[in-house]
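Participant: Chains as they are written, first to last, in the numbering used here: chain A, 1 to 292; chain B, 1001 to 1294; chain C, 2001 to 2385; chain D, 3001 to 3252.
I should point out that these hints are in silico values taken from the structure, not numbers from a laboratory. One or more of the hints may lead you astray.
[To be verified] These stretches of chain D come out as covered by chain A in the derived footprint (C-beta under 8 Å, 3 or more residues):
#1 3017–3028
#2 3103–3111
#3 3205–3211
#4 3224–3236
[Stated by the list, open to error] Just some of the chain A residues that point at chain D, by a computed CB distance under 7 Å:
#5 Gly123
#6 Ala136
#7 Arg155
#8 Ser158
#9 Ala159
#10 Glu164
#11 Ala166
#12 Val168
#13 Leu170
#14 Gly171
#15 Arg172
#16 Phe272
#17 Leu287
[Unchecked claim] Away from chain C, derived, C-beta distances all over 10 Å, residues of chain A:
#18 Tyr3
#19 Ile58
#20 Ile117
#21 Arg126
#22 Ile129
#23 Leu132
#24 Gly154
#25 Arg161
#26 Asp162
#27 Ile262
#28 Pro275
#29 Gln276
#30 Ala280
#31 Pro281
#32 Glu282
What you are looking at is a predicted structure, and each value in this text was computed from that prediction instead of being measured. Quick reminder that beta carbons are idealized off the backbone N, C-alpha and C, glycines included.
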Amino acid sequence: MEYVYSILILVGIYVVLASSFNLIIGTAGLVSIAHPIFFALGAYTSGLLAIHFGLNPIAGTLAGAAVAGVFSLMISLPSLRVSGDYLLITSIGFQLGLLQVIKNLELTGSQGGLSNIPTPIAGPERGWIFSLVALAAGAATVLLIRWIVRGPYGRAISAMRDDELAFVALGRDATRIKIVIFAVGSALAGIAGGIYAFYFQYLSPEQFEILASGTMLTMVVVGGMGSTWGPVVGAVLLLALPQAITFLRLPLSYMAPLQGMIFTLLVILFLFLRPQGLVAPEAPAPLRHKKQ
Amino acid sequence: MFDPAVLAQILWTGLATSSYMVLFTIAFSLVLKVMKLWNFAQAGMMAIAFYAMYAAVNRFAWPTAAAVVFGLAVTLAATLAFEIWGLRTLRARRSSSLLFFIFTLVCSEFAAYVLTLVFGTEPVTLFPEILSPVRVIGQIAVSDWDLLGVGVTLALGIALALYLRFSRDGQFVLAVSDNAELAELYGIDAKRVYLVAFSIATVFVCAGMYLYGSRTAVIPTAPLQLMLFAVIATLLGGMGSVLGGALAAVGLSLLQSYSVLFIPSQWQGLILYVFLFVTILFFPGGVRRGFKAA
Amino acid sequence: MSFKRRDVLKAAAAGALAAGLPLPLRAQGAGNLRFGLAMPLTGSQSAYGKDQVTGAQWAVEDINAKGGVQGRKLEMIVLDTQADPQVGINAVNRLISVEKVPVFITAWSAVVKAVAPIANREKVLELSVGASSPDVATLGDYVYTTFPLADVDVTAVARYAYQKLGKKTAAVLYINNDTGVDAAKVYREAFEKAGGKVTVYEAYDPKATDYSGMLLKLRASNAEMVHIHGLITDIPQVIAQMRQLGLKQRVSTYSAGYNPIIVKQLGAAAEGLIVTSLAPGANDRPQVKAYIERWRSKEGRVPNGLPYTQYLYDAPVMVAQMYDWLLKQKLAVNGENMRKALLGVKRFELPMTGVTEVDATHRVKKPVYLLTVEKGNFVPLATVS
Amino acid sequence: MSAVLHLEGVFKHFGGIVVADDITLEIERGQILGLIGPNGAGKTSLFNIVTGVVPADAGDIRVNGVSIAGKGIHERARMGIARTWQNMRLFRTMTVLENMVVAPREYAGESMVRLCFRPGAVRRADEQACEQALAILERMQLERLADNAVTDLPYGQQKLVGLARALMNDGPCLLLDEPMAGVEGHAYETMKAVVRQEAQAGRAVCVVEHNISFIKDLCTSAVFMSAGRILERGQIADLLASKTLAELYFGT
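One chain only, chain A, in its complex shape (with noise of 0.2 Å):
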């Protein structure tokens, strides 16, 4: 069951990480990559708090959310001036750079990853009540993108990805929103970084890298970029899917490449067949007025 619950827990993190990174570059246009890196922001920064302070997991998942809105400040200040391919490849810089620095602190374990990172919970209830902890994460995230999406302030958002100049020129504060969008999107990446430290244990520079922005890409584009429940298909659908592909009866030095393969070309044959992705976004709630 351990294997079932682990790729549950899984299905909820990818959930709340496509979701949030598609608020940033689906809903509010922001073109960045850098989300692995306020994943793995939330994920350090609750695993050195659990190990050497042993805060408590929710407070440590917090404290891990705060940390990448934080530094997301970072990346959103000086580069929201700019935008479309310059804040990509400044984003690249930013996730690199910042893993390089924790590839190089002892603090955070170098090369070889954080260990020893404590559970919050032991026994045999530890699969399913993380489970329902990530589903839930995964389900509020939805929730909540799709309240914002669909009230005052995602109205606020589409008319900005229509047409900025006029937008700020009827009193609009652009940047303020993006900041903002920035802010709660990696927050959010943050809070699954807990779940998956107090979860996994062990966290691994590796996992933090350009490879991993491919994939968070990739479920949100095969999704649908800007729809609320896009991101929600890809990440089950991109994660179910090797798990299927192990259904070929292969040697198993084929299978990791063949399975790699054939991810890539469904990627590949989704970008020209179906660029809108699964789920075409969702329209934001009609404005309700006496006349109607």
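Knowing the structure of chain A, use the given hints to seat chains B, C and D on it.
Facilitator: Chains B, C and D alone, transformed into the frame defined by chain A:
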């Protein structure tokens, strides 16, 4: 430690080592300049180039020259297929830069997986032996590999400059990189120019992988790391300025070589990113110079 | 043992997952004594991982051919880790919760560390065979190593350099990852404790390809001995660049250097290189000689990382002796009792690596075999115990 | 009476081209100032400078006596400078009403803090904005189109929506950039009436317009710009009578 012979030795070895980095950076920034494309598929091109040459040398036992030609041919075929069946479609759809990013990155991954399937994951060098003969000039040790690296890089760099400056196709490349739409109005076929640019990039990639692979062991996923250096050099060198990128690659390599004299060696890997950060934070306009927002 | 069984299993698990059903109960091999093996069968480390699995498989075959343990057969379940912590965690979860093994064997520090929390939590014995990072000893109650940790062989090389080779100064060049950083510290301490002085202590980036700055520091220092602690991908490069710069000092490294690839890539420049092996060679033990012959006849070659495969051959033998103890004590087969068995047997007599004594500090003591390259071949230099 | 919008010595150049050369002018409450001149005279640029889209190189701009130098685009809008755009710049994916609801000077829904802690206040503000928007649409006889996507509307009506959106900002200044270009018939009359009402209600209005009859009908006074300079100012009739200006404007 700071006597001139030491500094000169570091300078020479650093320059020689930067040769393949320069080649990769030129390939990367040329594609960026001409097509406004951050071509993360270059890692795939690099991997294909290396393994094609590796197969020719070690499996078919071909002579070196034949192996290089074979590597060029295979890489070119793969690259042109990537442009014709991949990028053209995305361009026609005016896809977002994110889609281009995913597509190019996934192509690199795909190439790495295919190569893993065929060649496995053991690190291999292009030739069995990695030691190359050395002579001492002045007080400086100069190996054959150093000379080859510097020579090939200079020759290809100069050839590219002359080509762009004097040939008709080269002029077209410059025109398209300046303003693709305007160039098309003047009757230049942008599609053809893109193919030309990719072909040039292929030559640089193959040369770079030849140099790298004859000295260092390669695994199918190694080129991704190598390419990131080219990305950073391109960014620092003023996006879209090929010469700027090449100079940045040399500068960064030398900086890494010399830095061992000044800062604890385990932080050397970080220098690259420190530079990147400083540039991003303090000169966001500076690096954008010469970059035409698409 | 072939891998097919595992594939069926994997497919079954995936199928159950897809259908949302609980995993079906599988027919257990009647009374088989089971244990797990999680090694990299794919990925960059697979060349070593596969050969080590082969060693372990032969051991299981040999034990079963001799009648198993008290008449019961030993059954090994092999899963792939790709030497990747994430994949390793999945594999071990599977071994524990699906296969219900009381003990599993694994290697590669990243994986050993990543799965340690699971072993401690689920009270299943984890035997690390090959991870040499010193903190393996501190991973918890259920994590033991059967392989000497880095301090053992690095200390031996350092002492040998000072005491037997008469080198008074040494340079330590190490790769900036957990393997290199920890080992470099050990070397420096051991060499200076013996009476020598470490004059150069430099790390290099795992991605670096130009080592000239570091090597020129070495040249300026005139250290008499050079210890390089890196990976098989970069050690030859560092030595090559060293020789190209005209540096002629004798070089030592550790067990990673005990690999014919180094001699192939470096040619004459490899002469005099000192490497270590934590396992006895063909001349030290007749069983090893026979084992190497078995490789030659069955696979037509010598295994990658011969000493490691010797340890992997011995690991199932240890497991068999533990099971034997357990059955004699009439204890239930579970992880807790498996741990008792390990500490109960304490002293294991093993065919390929000799006596292994497990102690309360989670370490093992073994003699270190030093070898050097002479005329393109590794020849024994000394044995340090 | 002091001016609502006051520009003094405003200067701006792009490379060698001077788009605003020592511009000084005032607009008072209730005044509709016409800004005329040939293409490229710097009329739209002047709007961009006032709204902060383009920062001025020199000079001072004051709204009701308060300098707005150094303030960002959105801050100026919140100080009461409303504007329309030559090409409207409506939010394409939104309805008419949605376009307008995000446009008041204070938009409660843009603060995450308020959304989280005072959701009721945000909802009330939203309702209020809806009412205000519907009232404006009613004046333009567009209320039945409130829930239509803006892109479904004919051009003239889109222009009206652009004005309606600007009117959500109840500040003292209204800058209209070619409100009449491409507008005919009924929409034309509506536009004229609404602009006049706004001035009468006490706003200072500035109109850039090529449609001379519109200027003649509405404006009390006008400024003639060419090559970034104010060449002439005064009553509209006088300006139109000037031969030099006519030559500059219409060419020869």
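Participant: Next, verify each hint and record whether it holds.
Facilitator: Structure-based check of each hint:
no.: 1; hint: 3017–3028; in the structure: violated (count 0)
no.: 2; hint: 3103–3111; in the structure: holds (count 8)
no.: 3; hint: 3205–3211; in the structure: violated (count 0)
no.: 4; hint: 3224–3236; in the structure: violated (count 0)
no.: 5; hint: Gly123; in the structure: violated, 37 Å
no.: 6; hint: Ala136; in the structure: violated, 20 Å
no.: 7; hint: Arg155; in the structure: holds, 6 Å
no.: 8; hint: Ser158; in the structure: holds, 6 Å
no.: 9; hint: Ala159; in the structure: holds, 5 Å
no.: 10; hint: Glu164; in the structure: violated, 10 Å
no.: 11; hint: Ala166; in the structure: holds, 4 Å
no.: 12; hint: Val168; in the structure: holds, 5 Å
no.: 13; hint: Leu170; in the structure: holds, 5 Å
no.: 14; hint: Gly171; in the structure: holds, 4 Å
no.: 15; hint: Arg172; in the structure: holds, 6 Å
no.: 16; hint: Phe272; in the structure: violated, 25 Å
no.: 17; hint: Leu287; in the structure: holds, 5 Å
no.: 18; hint: Tyr3; in the structure: violated, 5 Å
no.: 19; hint: Ile58; in the structure: holds, 20 Å
no.: 20; hint: Ile117; in the structure: violated, 7 Å
no.: 21; hint: Arg126; in the structure: violated, 7 Å
no.: 22; hint: Ile129; in the structure: holds, 13 Å
no.: 23; hint: Leu132; in the structure: holds, 17 Å
no.: 24; hint: Gly154; in the structure: holds, 34 Å
no.: 25; hint: Arg161; in the structure: holds, 35 Å
no.: 26; hint: Asp162; in the structure: holds, 41 Å
no.: 27; hint: Ile262; in the structure: holds, 14 Å
no.: 28; hint: Pro275; in the structure: holds, 27 Å
no.: 29; hint: Gln276; in the structure: holds, 26 Å
no.: 30; hint: Ala280; in the structure: holds, 26 Å
no.: 31; hint: Pro281; in the structure: holds, 29 Å
no.: 32; hint: Glu282; in the structure: holds, 27 Å
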